[in-house]
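Enquirer: Given the coordinates of chain A, assemble chain B onto it according to the supplied hints.
Top line first, the protein sequences correspond to chains A and B. Just so you know, we're using the numbering used here here: the first sequence kicks off at 1 and counts up by one. Just so you know, we're using the numbering used here here: the second sequence kicks off at 1 and counts up by one.
Be aware that one or more of the hints could be misleading.
Said to hold, decoys possible - Below, a list of computed lysine to any residue pairs in the SDA-like style, where the Cα atoms sit at most 20 Å apart:
| # | chain 1 | residue 1 | chain 2 | residue 2 |
| --- | --- | --- | --- | --- |
| 1 | A | Lys-373 | B | Leu-254 |
| 2 | B | Lys-469 | A | Pro-107 |
| 3 | A | Lys-151 | B | Ala-443 |
| 4 | A | Lys-373 | B | Glu-301 |
| 5 | A | Lys-349 | A | Lys-151 |
| 6 | B | Lys-67 | B | Leu-57 |
| 7 | A | Lys-372 | B | Met-293 |
| 8 | A | Lys-373 | B | Met-118 |
| 9 | B | Lys-469 | B | Gly-440 |
| 10 | A | Lys-372 | B | Thr-152 |
| 11 | B | Lys-169 | B | Lys-193 |
Unchecked claim - The following residues of chain A were derived to be distant from chain B, with all beta-carbon distances above 12 Å:
| # | residue |
| --- | --- |
| 12 | Val-56 |
| 13 | Lys-72 |
| 14 | His-93 |
| 15 | Met-104 |
| 16 | Lys-113 |
| 17 | Met-114 |
| 18 | Ala-125 |
| 19 | Glu-135 |
| 20 | Val-159 |
| 21 | Gln-167 |
| 22 | Thr-194 |
| 23 | Gly-197 |
| 24 | Glu-212 |
| 25 | Arg-213 |
| 26 | Asp-245 |
| 27 | Ala-303 |
What the hints contain is simulated information worked out from the structure, not anything from laboratory work. A virtual CB, placed ideally from N, CA and C, is assigned to each residue, including glycine.
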Amino acid sequence: MTKPYGEKLSENKPVRCQKCGKSVRPKAPPLLKAKPTEIIEAEFVPPVETYPGKIVEVKLGATRGEGGTRGKSMVVGGETTPAFYTFEKPTPHQPVITLDVFDMAVPLAKAVKMHVKEVVGDPAAWAKLAVEKFEADMVTIHLISIDPLIKDASPKDAVKTVEEVAQAVDVPLVIGGCGDPVKDADVFAEIAETFAGERFLMSSVTRDMDVERCAQFIKKNGHVALSFTPMDLNLARELNHRLYDFLPREDIVMDLTTAALGYGLDYAFTNMERARLAGLMGDAELAHPMSSGTTNAWAAREAWLKMAPEWEPRELRGPLWEVVTALTLLLAGVDLFMMMHPAAVKTLKEVTRRLLNGGLGDANKFAEWVSKKI
Amino acid sequence: MSERETKGKVGVKELSPIDVYKLLPKTNCKECGEENCMAFATKVVNREVPIEKCPPLLTREYEKAYKQLKEMLKPAIKEIVVGTGEKAVKIGGKLVMYRHEFTYFNPTAIAIDVTDEMADEEVLNRVNRTAQFSFDYIGQTLKLDMIVVRSTSDNPDKFKATVEKTVEKTSLPLILCSLNSNVLEAGLAVAPKARPLLYAATKENWKDMAELALKYDCPLVVSAPNDLRLLKSLVKTLLAYGVEDLVLDPGTFLGDGLGDALNDFTMIRRAACKRGDELCGLPLLGVPMVAWMDRGEAPEEIAKWKEAYLAAMQIVRFADLVIMHSVDGWSLLPNVVLRQNIYTDPRKPVAVASGLKVFGAPDENSPVMFTTNFALTYYTVASDIENAKVNAYLLVVDTEGIAVDSAVAGRKLTAEKVADALKASGIEDKVKHRKLIIPGKAARLSGEIEELSNWQVLVGPRDSSDIPKYLQQKWQTQT
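Chain A on its own, in the form it takes in the complex:
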C-alpha cells in the first residue's frame, strides 16, 4: 500500500491546507497499516475478584421444630459477592418479599386500594390475601393505631392484632411500629415476650430508642432486630455496634432508608451499594442483610397522582414506579423488600427467580429484534 501523505506527515505535524491556506493538523493516518482480512483473536478473562468479607446470614421466622409456630422460616444474606455478580459466586438466597398490612385504615393510592379494599380494617384477612393471593413470603403488620397521636392503642391491643395475624397466616412476620421511640419499645417488648421464639423482625430499632432495652428483649425472646438509620453509613455502623453488646450479628438486619424513585432514590441506591461493597471488603459493621421499605415508592406523587393523559393510566404507572424503585435497590444489594402492590411483587419475584436460576441468554434468538415486525 502506498503512503497517502509525505514522510513528514506521519509525525503528525501541522501542514498548510492547499485549499484554504490554513494550518491544519492531519489525523494520524490509520491507512498506513494493512487492513486485517481475518478476525484477530482476543482473549476475555472474566474479571473475578475475591472479597474478604461475607454478609451474615439471618433467619427470619421459626418453625415448630425451631421454637416457633411458623410454617417455614426464611434466610436472608450470606452473599460473598456484589448483588447478582453470579459470574463470581452464586446468589445464596432469593431475596424475600414481605407485604404491608395495616391495622387500621390508612391513606392508600388508588392503584393499591383497588386490590385490598375488601380487607382494609381487618388485618388477619389482609394478611391472608397477601399470602394466599399475592404470594407474599412474609407479612409486615404495621401497628399504626399504637401511635399516641392517632389511637394510642395499648401494647395489649397490639398483641391481640399480632395474634390474629399470626393465626391467619403461618409465614414469618415483621412487626412494624408507629415511629414513636418510646411507644414502639413498649409495644415491641410486650410482643417479643408473648411470641417468644418466633424470630419476628422488629421494625425497627432506631438510635433514639432505648437501644439497650430493645436489644435485650429481642435477644431474650428469640427475635431479630431491624436496625434503622437515616441514610448515613456512620450512623448505621454506630447503631449496629451498640446492638452487638447484646445481640449476635445473626440477629440483625439493617435498613438504611429507602427514598422513592425521583425523590432521593439516588441517595438510597448509592448508600446501599457502598454499604454492601464495604461489607464484602471486610467492614463487619455493615456486613448485614439489607431491608428496604420499598413501599416508600408510593410517596412519589408520580406514582399515584392523576396526570395529563399522555402519562396515564396511573394504575400501571404506579406499580411500575414501585418495581423500578425495587429493582434499582435489588441491584444495590437489598435482601428483604417491604412492598405494597401485587403486580410489583409478582415482577420482583419473577426477576429474582430468573436471576437466581441463571441459565443461558439465547445468542441466536437475540438478533431477531433487528428485523422483526412488532
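Expert: This is chain B only, laid out in the frame that chain A set:
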C-alpha cells in the same frame, strides 16, 4: 494479556489538581476565565471544564504537555458522539464503575424505533412523540434522545425511503439498523453527513460494516450476543481496520437469560474500569426492546411493562444507550426519572438554600407554610403554590437535603429546627397571626412545634398538590 494494563495510570480519585497544574503553562494568564492556573487545574480535575479551555496549552509549545494531560484525563470508557449539531448525543465517557467513586457522565441515551415497513403516518407519529417527549423535573426537562430506523423489509429502497422521511422530520440523531450492509448504505446515502450510529458489525459482516463506517465517518456497534471473547476479538479487529468509534452490544436477554445480560455488562465494565482493558473501554448498548419478541397473544401492556423494567436494570447496570419500542408516557416516565437520579452528581447535595421564600405579594394576614430544603420537595411545593396564585410565605427548613417523611423518621426535621427557623427568618415581624401550616407528613411534630415556637400549628395536606384546595377551604375560614 494482550491489552495494555493501566497499572501506572493514576486512578480518577487519586488524580490531584497538582498533577494537572504541573503540566499547565503556569502563567496565570486568566484566558480560561479562572483567576490562576491552580484554580483552572482544580476545575479540570473535577471535570467541570475541559483542558481545551486553556488557549496556550493548544499551541505548539505545549504540545507534549497537552498530550500528557489528555492521556491522564482519559476516561475509562471512551466518549462517542452520535449525530451532529445541537442534538448530537454523547455516550460513554465514564470515569468510574460505581457512581460513588466520582460521578457518572453522559446519561444513558434512550432511542425509540421506527421500521421501514410501518405506514408513513405511524413513522411520523412515533418520531413526533419521541421528539416532543418532555417532562419537567426539579428545574430540568427530561427528554428522549434518538430515533432507531430498523429494516424489517431487508429492502434497500424501502429503508432509504424511511430514513429520508425520518431526517426530514427530526434532527434527533439516528441509529440505522440492519445486518445487511447494502441496506444500511442505502440509508446512509440520504443522510451522508448525519453521523448516525450503525448497527451492527457481527462476525459475519464486519468487513463490510467497517468499510461503511469509514466511508461515512460513523460510529459502529459491535454485536456478539453472549460471547465476550468474540466481542473483544471483533473490537480488536475493527480497531486495526481503522474504525475507532465503537459501541459494544453483548446482547440483552429476558427470562432465563437475564442473569447473563447483567453479568455480561458487569464483566465488560469492570474489565474496563478496574483492569484497564481498553478493548472493553467502550460504551455499552442495551436492547430492552427484546421484551417485544415472542409476545404471542399477550396484551401489549405486558411487553411495555417488561421492556420498562429491563431498561431500568440496564440503566442502573452500566448501559450507555438503550433501544426501546414503547412510546407510552407511563412506561417511559419511571426510566427518564431513574436516569436523572442515577446520573445526578453525588458530590453535590440536591438541596436549595434554607430561609424564607416569598410568593406573590403577601401581607400581614398571609399564610405561612414550611417545607424542607430537599430540592425536589422545594420545587414541587413552590410550583404548587405558584400555580395556586396565592400570596404566601414559605419557610424552607434545613433538613440536610432530605424529604419530609424521611427527615421526620431520621430526625433531620425536628420541632427545634422548625422553631429555630421561624425565629431566624424574621417572619414574626412580617405577619400579625401566629399560624403555621405544616406538611401533612410532619403531623407528628405538631404538639412540640406549638410548645417550642408558641405558634399555632395547622396540619396541611400530605401532598402539596392539595395546597390550593387547602388554602381555599381552611385558610379563609381561619382568618
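Enquirer: Now tell me, hint by hint, if it's right for this structure.
Expert: A quick look at each hint next to the structure:
no.: 1; hint: Lys-373(A) with Leu-254(B); verdict: holds, 19 Å
no.: 2; hint: Lys-469(B) with Pro-107(A); verdict: holds, 18 Å
no.: 3; hint: Lys-151(A) with Ala-443(B); verdict: holds, 14 Å
no.: 4; hint: Lys-373(A) with Glu-301(B); verdict: holds, 17 Å
no.: 5; hint: Lys-349(A) with Lys-151(A); verdict: violated, 35 Å
no.: 6; hint: Lys-67(B) with Leu-57(B); verdict: holds, 10 Å
no.: 7; hint: Lys-372(A) with Met-293(B); verdict: holds, 8 Å
no.: 8; hint: Lys-373(A) with Met-118(B); verdict: holds, 9 Å
no.: 9; hint: Lys-469(B) with Gly-440(B); verdict: holds, 14 Å
no.: 10; hint: Lys-372(A) with Thr-152(B); verdict: holds, 6 Å
no.: 11; hint: Lys-169(B) with Lys-193(B); verdict: holds, 16 Å
no.: 12; hint: Val-56; verdict: holds, 23 Å
no.: 13; hint: Lys-72; verdict: holds, 25 Å
no.: 14; hint: His-93; verdict: holds, 15 Å
no.: 15; hint: Met-104; verdict: holds, 15 Å
no.: 16; hint: Lys-113; verdict: holds, 15 Å
no.: 17; hint: Met-114; verdict: holds, 16 Å
no.: 18; hint: Ala-125; verdict: holds, 26 Å
no.: 19; hint: Glu-135; verdict: holds, 18 Å
no.: 20; hint: Val-159; verdict: holds, 23 Å
no.: 21; hint: Gln-167; verdict: holds, 30 Å
no.: 22; hint: Thr-194; verdict: holds, 26 Å
no.: 23; hint: Gly-197; verdict: holds, 30 Å
no.: 24; hint: Glu-212; verdict: holds, 19 Å
no.: 25; hint: Arg-213; verdict: holds, 19 Å
no.: 26; hint: Asp-245; verdict: holds, 22 Å
no.: 27; hint: Ala-303; verdict: violated, 9 Å
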